Amino acid sequence: MPMNEENKEFRPLIVAFCCNWCSYAGADLAGSSRLSYPADVKIIRVPCSGRVNPMFILRAFERGADGVIICGCHPGDCHYSTGNYYARRRMALLFSMLEYIGVENGRTRVEWCSAAEGAKFSKTMNEFCEKIKSLGENVRLGDLRCKN
Amino acid sequence: MQELINRLKELIADGTVVRAIGWKKGDMPYNPEPAYFEKPEDFDNFVYDGFCGANLSKMMIEAAKLEGKTAVCLKPCDTYSFNQLIREHRVNRENTYIIGVGCRGKLDIEKARKEGIKGIKSIAGVDIEGDGDVTFDTIYGEKKMAYKDLMLDRCHVCKGKDHVIFDEVIGESKDTADADRFEEVIKIEKMTPEERFAFFKSELSKCIRCNACRNVCPACSCRKCVFDNTKFDSQQKANVDSFEEKMFHIIRAFHVAGRCTDCGECSRVCPEGIPLHLFNRKFIKDIDTFYGEFQAGKDPEAQSPLTDFTFDDLEPKDAVGRGDK
Numbered sequence: 001m002p003m004n005e006e007n008k009e010f011r012p013l014i015v016a017f018c019c020n021w022c023s024y025a026g027a028d029l030a031g032s033s034r035l036s037y038p039a040d041v042k043i044i045r046v047p048c049s050g051r052v053n054p055m056f057i058l059r060a061f062e063r064g065a066d067g068v069i070i071c072g073c074h075p076g077d078c079h080y081s082t083g084n085y086y087a088r089r090r091m092a093l094l095f096s097m098l099e100y101i102g103v104e105n106g107r108t109r110v111e112w113c114s115a116a117e118g119a120k121f122s123k124t125m126n127e128f129c130e131k132i133k134s135l136g137e138n139v140r141l142g143d144l145r146c147k148n
Numbered sequence: 149m150q151e152l153i154n155r156l157k158e159l160i161a162d163g164t165v166v167r168a169i170g171w172k173k174g175d176m177p178y179n180p181e182p183a184y185f186e187k188p189e190d191f192d193n194f195v196y197d198g199f200c201g202a203n204l205s206k207m208m209i210e211a212a213k214l215e216g217k218t219a220v221c222l223k224p225c226d227t228y229s230f231n232q233l234i235r236e237h238r239v240n241r242e243n244t245y246i247i248g249v250g251c252r253g254k255l256d257i258e259k260a261r262k263e264g265i266k267g268i269k270s271i272a273g274v275d276i277e278g279d280g281d282v283t284f285d286t287i288y289g290e291k292k293m294a295y296k297d298l299m300l301d302r303c304h305v306c307k308g309k310d311h312v313i314f315d316e317v318i319g320e321s322k323d324t325a326d327a328d329r330f331e332e333v334i335k336i337e338k339m340t341p342e343e344r345f346a347f348f349k350s351e352l353s354k355c356i357r358c359n360a361c362r363n364v365c366p367a368c369s370c371r372k373c374v375f376d377n378t379k380f381d382s383q384q385k386a387n388v389d390s391f392e393e394k395m396f397h398i399i400r401a402f403h404v405a406g407r408c409t410d411c412g413e414c415s416r417v418c419p420e421g422i423p424l425h426l427f428n429r430k431f432i433k434d435i436d437t438f439y440g441e442f443q444a445g446k447d448p449e450a451q452s453p454l455t456d457f458t459f460d461d462l463e464p465k466d467a468v469g470r471g472d473k
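Chains A and B, in that order, give the protein sequences. Using my numbering, you'd call the opening residue of the first sequence number 1 and step up by one each time. Using my numbering, you'd call the opening residue of the second sequence number 149 and step up by one each time.
Keep in mind that the hints were calculated from the coordinates and are not lab data. All values derive from a computational prediction rather than experimental measurement. For each residue, glycine too, the CB sits at the ideal point set by N, CA and C. Any given hint might turn out to be false.
Unchecked claim - To give an idea of the chain B side of the interface with chain A (calculated C-beta under 7 Å), a few residues:
1. Phe314
2. Leu462
3. Ala467
4. Gly469
To be verified - Derived DSS-like pairs: lysine-lysine, alpha-carbon spacing no greater than 27 Å straight-line:
5. A:Lys131 x A:Lys120
6. B:Lys322 x B:Lys309
7. B:Lys322 x B:Lys296
8. A:Lys133 x B:Lys379
9. B:Lys433 x B:Lys322
10. A:Lys42 x B:Lys379
11. B:Lys187 x B:Lys172
12. A:Lys123 x B:Lys465
13. B:Lys157 x B:Lys213
14. B:Lys266 x B:Lys354
15. A:Lys131 x B:Lys465
16. B:Lys173 x B:Lys296
17. A:Lys120 x A:Lys133
18. A:Lys120 x A:Lys42
19. B:Lys379 x B:Lys349
20. B:Lys465 x B:Lys338
21. B:Lys269 x B:Lys173
22. A:Lys120 x B:Lys465
23. A:Lys131 x B:Lys349
24. B:Lys372 x B:Lys259
25. B:Lys262 x B:Lys173
26. B:Lys465 x A:Lys42
27. A:Lys133 x B:Lys259
28. B:Lys322 x B:Lys349
29. B:Lys338 x A:Lys131
30. B:Lys292 x B:Lys335
31. B:Lys338 x B:Lys349
With these hints in hand, go ahead and build the complete structure from the sequences.
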């Protein structure tokens, strides 16, 4: 191992799918309220959590994400009335399937977070980042071609 | 079988249907092929025996668009698939004449090969009316196997002997279920994550991306498939890394989640013998536990679980880690 890698801290890559109408604004509020959340979180804005195709999540993992979090409006508060209810069912099945094929629990998460919950957004992201750091690099779901 | 042939010939002769879909003799006694029958002489090659496992309901998507009615032979489990296709408006029921054919379990030649039966010249005892052992006449002599031992895995978890949709039924069916449908899934769930990962890695690394599982699946009937998109990582090609295989199979199973009738065709056609039904059954089991028992294709009016919701559904974080408790 080269010397300079010895003390290198593991920085996870986290993809956050944030609903335009709530969590994305929540992230904005967290920013303007000067609440910090890790820079490892990369936010992708989606029109609704129901827009998140399970394939997006798998693809994020394939392209090197260590964790994926989906943030949507609280059930009942969807801008499009019902989008997050469908997302909830889909994600429940997908997460269960990922667990089934042997992926560590906790790499994926769904959080309901409104536009007024900047503090919750920041707290969630900090927590999630810590969790991913404890799980380490995502090996099982990644594209291993360019590694090793 | 003769009764079925006579009835099909009669239907074509009196103009009720223009053509029939059934099975014709293949190049080997154990691989009959799905085929169209139009003229009386076509029926010389017609066959319906224990090896006719193919689910013909998907063929009706195209056949029902043809001029005139088409008769199709469906086994009890195939009728679930047909119902599901009606639910999705993929087949034209008016253009279809469904003949429910009897079934006493379908056979898997791989099971015989595992027993070391090779060089098969002819097979006796696989008739649909029969009731006894299967006798293989091989170049090494005569070999016998019990019908039950030769059955496809899916027939051990048979959905029942009743056709859920039909115009007429010819022949007797038998409920061949003698195992729990979710036994294998539960066995895998009980493993550690490392064991599960190793299991799926070893199974899925056999995948050659022939797309047979996709092409045969009656629920996979999109005209434009995501896997044919060249911009997609898991497009139609041999896998280049281990994740793509998993991604393909997770997505394939996810796309039919809530619509899969568990007909088991994917596992039957897999040239590498990958137990693909394990993915579909996991989704079925989860849907059953999370959202209540649901059998796709049983009721053509029923709402599919993934296009439905309730206000107090299970949260995704509670969907995982249930095995550890």
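Could you check if Ala467 of chain B really has its C-beta closer than 7 Å to a C-beta on chain A?
The hint holds - Ala467 of chain B has a Cβ within 7 Å of chain A, the shortest such distance being about 4 Å.
Straight-line Cα separation of Lys433 of chain B and Lys322 of chain B no greater than 27 Å?
holds, 25 Å
Between Lys338 of chain B and Lys131 of chain A, does the CA-CA distance stay at or below 27 Å?
holds, 24 Å
Taking the closest Cβ pair, is Phe314 of chain B under 7 Å from chain A?
Cβ of Phe314 of chain B sits 32 Å from chain A, so the hint is violated.
Is Lys120 of chain A within 27 Å of Lys133 of chain A, Cα to Cα?
Between Lys120 of chain A and Lys133 of chain A the Cα gap is close to 20 Å, so the pair holds against 27 Å.
Would you mind confirming whether the straight-line C-alpha gap from Lys133 of chain A to Lys259 of chain B stays at or under 27 Å?
violated, 47 Å
With a cut-off of 27 Å on the C-alpha distance, tell me whether Lys322 of chain B and Lys349 of chain B pass.
violated, 37 Å
Between Lys379 of chain B and Lys349 of chain B, is the straight-line Cα distance small enough, at 27 Å or below?
holds, 25 Å
Between the alpha carbons of Lys131 of chain A and Lys349 of chain B, is the straight-line distance 27 Å or under?
With Cα atoms ~25 Å apart, Lys131 of chain A and Lys349 of chain B stay inside 27 Å; holds.
Would you mind confirming whether the straight-line C-alpha gap from Lys269 of chain B to Lys173 of chain B stays at or under 27 Å?
holds, 14 Å
Quickly compare the C-alpha distance for Lys131 of chain A and Lys465 of chain B to 27 Å and report which way the hint goes.
Distance of about 14 Å is within 27 Å: holds.
Does the alpha-carbon distance linking Lys120 of chain A and Lys42 of chain A stay inside the 27 Å limit?
holds, 17 Å
Hint compliance for this structure: hints 1, 8, 24, 27, 28 and 30 are not met, and every other hint is.
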